[in-house]
Amino acid sequence: MIRATEAGRVNRRAKIIRYAGRAAVYLFLACMALLVLFPFWIAFITSFKYPYEANSLDFTWWPTEFTLHGYADVFTYRGGNTVQMPLLILGFLNTLWMYLPRAVIATVLAGMAGFAYAKLRFRAKNVMFGFLMTTMLFPGVITLIPSYLLFYYYDWLNTPLPVILPGLLGSVSSVFFMRQYYAGVPSDMMDAAAVDGLGFFGIYFRIMLPIAMPAFWAQFVLAFVMGYNEYLGPMLYLKDAALLTLQLALQQFASSRQVTDPGAVMAGTLIAVVPTVALFVLAQKYFISGIVTSGLKL
Numbered sequence: 014m015i016r017a018t019e020a021g022r023v024n025r026r027a028k029i030i031r032y033a034g035r036a037a038v039y040l041f042l043a044c045m046a047l048l049v050l051f052p053f054w055i056a057f058i059t060s061f062k063y064p065y066e067a068n069s070l071d072f073t074w075w076p077t078e079f080t081l082h083g084y085a086d087v088f089t090y091r092g093g094n095t096v097q098m099p100l101l102i103l104g105f106l107n108t109l110w111m112y113l114p115r116a117v118i119a120t121v122l123a124g125m126a127g128f129a130y131a132k133l134r135f136r137a138k139n140v141m142f143g144f145l146m147t148t149m150l151f152p153g154v155i156t157l158i159p160s161y162l163l164f165y166y167y168d169w170l171n172t173p174l175p176v177i178l179p180g181l182l183g184s185v186s187s188v189f190f191m192r193q194y195y196a197g198v199p200s201d202m203m204d205a206a207a208v209d210g211l212g213f214f215g216i217y218f219r220i221m222l223p224i225a226m227p228a229f230w231a232q233f234v235l236a237f238v239m240g241y242n243e244y245l246g247p248m249l250y251l252k253d254a255a256l257l258t259l260q261l262a263l264q265q266f267a268s269s270r271q272v273t274d275p276g277a278v279m280a281g282t283l284i285a286v287v288p289t290v291a292l293f294v295l296a297q298k299y300f301i302s303g304i305v306t307s308g309l310k311l
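When you line the sequence shown up against our numbering, it's residues 14 to 311, in that order.
Just so you know, these hints were derived from the structure itself, not from any lab.
Remember, predicted model here, so these are calculated numbers, not experimental data.
Here a beta-carbon is modelled for each residue, glycine too, at the ideal position from N, C-alpha and C.
Be a bit skeptical, because a hint or two may be false.
[To be verified] Restraint-style ranges between C-beta atoms, simulated for each label pair: (1) Pro288 - Pro199: 32 to 42 Å; (2) Leu178 - Val49: 30 to 40 Å; (3) Leu163 - Thr77: 53 to 63 Å; (4) Ile118 - Gly197: 22 to 32 Å; (5) Trp110 - Asn68: 33 to 43 Å; (6) Ala27 - Met141: 51 to 61 Å; (7) Leu163 - Phe293: 32 to 42 Å.
Make a model of the complete structure from these sequences and hints.
Have a look at this one:
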């Protein structure tokens, strides 16, 4: 009886320690989540404040006077340009048609390259892949001036081509990601398909592509969000107001309002964030699955 009682005490003590550890972990994660979400909360409440309250040094956790004038300003601002619609809506539409097809094509091509490096046999494969990985050590700004001179030589400045074409073939990180994913797919599936008469393209599009859809979703979301938030490239190459992307339109809007009306700037920022948040929510299942299973044996 004494030993049983002592064993029960030990078990209860172990459970208490385990539950206390879990509670500490959850408390820590909750604090980190609040720390990350705090700036978004500030932007959210500021977007509903009048200019005098938003510029006040006395911080308030909720607007003393609620207003939607900032959001109305976002959807009516044209910035003195000759465009036929609000500047931020024009920038959003330009961003979609410039970067959405680019993200799709880049993801597909990166998947094909990753499949080749993971499953196909050809000379100098490891050397080529090693050289490809080496390019990740150099920041992209190194090629900024040569790229600008090249586009100037081809007379592509102030056209969408310098914004669309460089990212059309996918990024090195996407190729590496897809290679790691395909490396975990059993090669027996390819052998069986080859016996049935499928070539490399048939194997890829009929078998490998459907298998890797979670990874493709993950890379598509990352590629689109990267293009959606791109600022430097459009700033250098797009000068026509009709070609402004969302980030350029938002910067122009913020420059005209950041002193006089911070609430309107926060409203524009929150509206610009909504599409990427909605994309992540819609593709969350596939996005997380693609991230988790990459590099793991299936």
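To see whether the hints hold, each was checked on the structure:
1. A C-beta distance of roughly 38 Å is found between Pro288 and Pro199, which places it inside the suggested range of 32 to 42 Å.
2. At about 35 Å, the beta-carbon gap between Leu178 and Val49 stays in the expected band of 30 to 40 Å.
3. Separation of Leu163 from Thr77 is about 55 Å and conforms to the stated range, judged on CB atoms against 53 to 63 Å.
4. Taken as a hint, the range 22 to 32 Å holds for the pair Ile118 and Gly197, whose Cβ atoms sit roughly 25 Å apart.
5. Look at Trp110 against Asn68: about 37 Å separates their beta carbons, and that is inside 33 to 43 Å.
6. For Ala27 paired with Met141, a C-beta distance near 54 Å keeps the hint of 51 to 61 Å intact.
7. Evaluation of the 32 to 42 Å hint for Leu163 and Phe293 yields a pass: the beta carbon distance comes to about 34 Å.
Checked against the numbered hints listed earlier, the structure breaks none of them; every hint is satisfied.
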